[in-house]
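Participant: So the sequences go chain by chain: A, B and C.
If you read the first sequence in this note's numbering, its first letter stands for residue 3, the second for the next number, and so on.
If you read the second sequence in this note's numbering, its first letter stands for residue 887, the second for the next number, and so on.
If you read the third sequence in this note's numbering, its first letter stands for residue 31, the second for the next number, and so on.
Treat the hints as calculated values from the structure; they're not laboratory data.
Note that the Cβ used here is the ideal one computed from N, Cα and C, for glycine as well.
There's no promise every hint is true.
To be verified - Among the chain B residues that face chain C by a calculated CB cut under 7 Å, a handful are:
| # | residue |
| --- | --- |
| 1 | 961 |
| 2 | 963 |
| 3 | 970 |
| 4 | 971 |
| 5 | 1097 |
| 6 | 1113 |
| 7 | 1115 |
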Amino acid sequence: MTPPLRISDLTVGYAGRRGRRAVVLQHVTADLAVGELACLVGPNGAGKSTLLRSLAGLQPYFAGEVLLRGTDARALGRAALARTLAAVLTDRFDAGRLRAGEVVALGRHPHNGWSGRLDAADRHAIDRALRMVGVDGLAGAAFARLSDGQRQRVLVARALAQEPAVLLLDEPTAFLDPPGRIALMALLRRICAERGTAALVCTHDLELATRYADRLWVTGAGRGLVTGAPEDLAAGGALTAPFERAGVRLDLRSLTFVPAEGNGPTARVLGRGVRADLAGHALRRAGFRVPDGTGHGRAAPLVSVDVDGQEWVSTTACGRTARHRCLEDLVRHVRGIRDELDRTGPSGPGTTEGERP
Amino acid sequence: MRSPAGPGRTQQPAPGAAPSGTPEGPGRAAGPGTAPRFALALAALGAVVVAGIALGAVRIPLDVVWRALVGQEVPPPYDVIVHDVRLPRTITATLVGAGLGIAGLQMQTLFRNPLADPFVLGVSSGASLGVALVVLAVGTSGWTASFGAGLGVGGDVGIAVAAATGAGAVMGLVLLVGRFVTSSTTLLLLGVMFSYLVSALVTVLLAGATPELVHQYVQWNFGSYRGVTWDDLQVLVPVLACGLLACLLLPKRLNALLLGERYATTLGVDVPLTRIMIITVTAVLAGTATAFCGPVQFLGIAVPHLCRALFSSSDHRILLPACAVVGAALALGADVLAQLPGDEVLPLNAVNAAIGAPVVIWVLVRRSRSGATA
Amino acid sequence: MPLTGMSPVAFPGIHQSDPRQEGEAVRTILTGRPLLVDSHEGWLMDRRSRPRCTTLFLAPALAALAAPSLAGCGDGSPGPSVSSAPRTGCVTDFDENTDYFPDKTRIRDAKGFSVEYHRSYKVVTVKESTQAGPAETYVLVQCGAPDPRLTGDLAAARRISVPVTRIASSSTTQLPGLDLLGALDTVVAVGSPDLVNTTKAADLIRSGKISGFSNDSGEVNVEKVAAARPDLYMAGGMDGDVLSKLVELKIPVVADSAWLEQSPLGRAEWLKYEALFLNAEKKAEQEYSTISDNYHRTQGLARGAKNRPAVLTGKQHDGTWQRAGGRSYVAAYIADAGGDYVFADTTGTGTSPVDVETVLARGAKAPFWLNAEMTRGWRSTADVVKEDSRYASLRAVKEDSVWSPVRRINDAGGNDYWESGVLHPDVVLEDLVAILHPELLPDHEFVYYIRLGSR
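Sequences are here, hints too, so could you generate the full structure?
Facilitator: Listed below in structure tokens is the structure:
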């Protein structure tokens, strides 16, 4: 089956100073299959937005081919292009007194006649879009008065009303709170699944992308694009290079970013379960290295923490024990031990360089 | 996770909104209140038109007015007054008001700026330059004497042509430079700068003119519908009518532009072409109006805001006709009021602003109090 | 070189007719330092202190101040009462018991000025120095007589030495009077030389004896005025802020509010005002009596006419008609000529903007339409209708009786109606009577008025 979007050897960039071209990505080849949700990820400035805008027709590309349902995008007229491809951008606009329903209705622009009158098919498409996104109750509300999350959903509905084969979204979760982000990605997933729309989401939220995307398109390795399933890319190392930075590493098991471990003292958390995990979280923030269960051959832990009912028990290497009702208390205690150790030196009192007891 | 059924920050929906599930549906242009409001606006226009013909500096009994209109024998000078003074000014004010209202709406949408008006791209400066230059072309000896004749000449199509040409030239220049400019805001600024430049030229011309001519130029600047004769109308009516009809092509594009130029592009709108269309239609409407009536201020900026408030909509399929009707009513109404104080006539632009500005202020304050932006 | 207090004759070395000769060095009287005339600006700049001069706003003021007005400190203050070397009309042996003004003028029709005679000085008061402006008083001191000691308001009044010998005239209306008094030789500068119709003045202008100091828009160029070294500047009513600048330069400025008079004879009588500065009251009285008698005779003739035809005046611009009030100058003329001005019942003395309707309602049936277009813009009634088709409904247009006083306009557009016409209302009145009542003056040759032809 012809993929809704196929990119062949595409080179994109922007016009630099004095007419010189600045190439941002080159020789990009990728496909988007029916019903596929792909996420375009990469570090800032690596060309994600440029690629997306070029695909949306907002920016010219320098070389290569973009095929929409098998036809070269350049051969399609504006209206035909708009019927195939819809975008949700980061642009903010003054909606005036437009209602949410009217914004969604604007999505029918490439379908209705010169007068903009909506016929039954148009209204059906609008209703479908509203229901799919879950904002049909808001149709009469003023767009300008909606919350960020609602507005974003309405804009997705607007794009859906265009009944496109391909949806392009540029940082759709940027202004949303964490639950809102997840809701939106889940919505996109559902849209792709139920309507067969292919979606390309440009995002800098890698964790969200790895959780929801069928494929990742990764930029940031030179000027090329690497595509593949998130886990494959992780296993193959394609995700580490673009994202790792001093002090940050990509944890391949959870596919999340974590601070790179420094040279702090080690603490070990015994036990399993939520309370144990939370203790580990707090200790890491305090600057301790907390290995997961498989850590072996490391330095002996300075402190061990165990869970006992509603409390936590800390045991130092020299056997001092304390019970804590809350983690803040535990952290303070453990920090105190560490500071004391720093003052007196690792091997005992009087040997720390340059310090007096 | 917020429930999608909730209305968001405010607890009640916007006024005039159709709740979901009603027969109107979310996509319809007209809310429940639109048709009656239109009827009201048309009725107001009708009333003002009647006033425009029936009222004036000279008291004429209504039956005489009627007889004059239908062509029956009427003692002079009433026939001349009704037929040659009141009727032309009514037609002129109606068309010019409609044209400027629509042109203002288009400029505000194109530039996404609530302060834009039809003259923002230099139309009125270009027109005044045209008028001033035509005078110079008459010849150096005695040209100062002709300036007055030039400005005051209503039946002389030459002046109107000069003004329209001047307006068109400035707009053309703006469009030309605008082709290298992608941002509409930049285009707006360009237009403003051109306006200043051209005004500077006009000022230089005026500096060399005698005080009588300066006075006449100042009077031209007041704006007036009453200088238009039937000969002028033979040009004014077709041109403005064409301009108004051309606007029928635009509501869909203008609506798309509400989302911004990039969204409009993804919707399939040819934005550069749309820009040219809008600017051209505005130039024709505003340029013609200025050529025959002088620079009529205020209507272009105020009528769109009034209509948005009165019809509670940003949909251009409603707003375009609304601005035409409300603009016409406001323009003619202001002209009728300008006469009322008595023997003397108040300058039109003064009346436009004095009546309209408080209304718009009230509208904006009321809306801003309820938390919206415009 | 001894000097009188006011006149800026501090630049005797400057070539009289061209103040812009480059590099001409001149010694000032007091400081002895050379001054340079800078050709670009006409400014006088102290050679050594040029950089400092840029901070001083008006270089001629600087030069004037460098001149012996050390005794003066502001306008109107009396300067030293040293009389100059013998000048025409100046007294050499002053006798305080002599009445130096044996011919006293009596004002009959003008309402805008008054004069009070004393033995060696006259106190002249202009009621409205500018439109709706304050009154101004001048003390005209006989040249050669000592400055009178005056108290109260008069102490601060402007002092002018009479008879004046170098007049700067800012309105062409003033020239015919000066011509009639034989004083055109005293005129050294006029505002708009191109617009002048008075023949003798035009000759003097052409020969370079009279310079110009205003531009087309009526703006007065202060440096040019100063360069002409006038000892009297007669304002024209439109000079504006320039007047205070001129006063600062110690140029005696006097108002000329003839144009505020609403009666034709009253305007003409300002001839006597001009005469006051020239000590020419006798001639002025004679001439004015003639004019006045002629006027009254024609007026009496008109009173005997059988009818009083209705008369319309003015025209419309952009739908507004500048309508003359019932007590205005033109209304007075019409009444005196035996006509009935259609708006005679209104009370304005100037013009007010009224709607076209109002005028059409009253003027449509008037058989005469006067003073519509005051330039040569209309050559025939066809032009009238071409300008605005509504004029075609006027009876005066239909009957081709549209008259304008544009017979005597020079190439630059200067209309003699506003020049000699002001001084000779009797001639204008005759024209008007001949228009309105042709049977009374059957062989009249029109001087100012011309009828618009039908083609």
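Participant: Can you list which hints this structure breaks, lowest number first?
Facilitator: As far as the earlier hints go, only 1 is violated by this structure.
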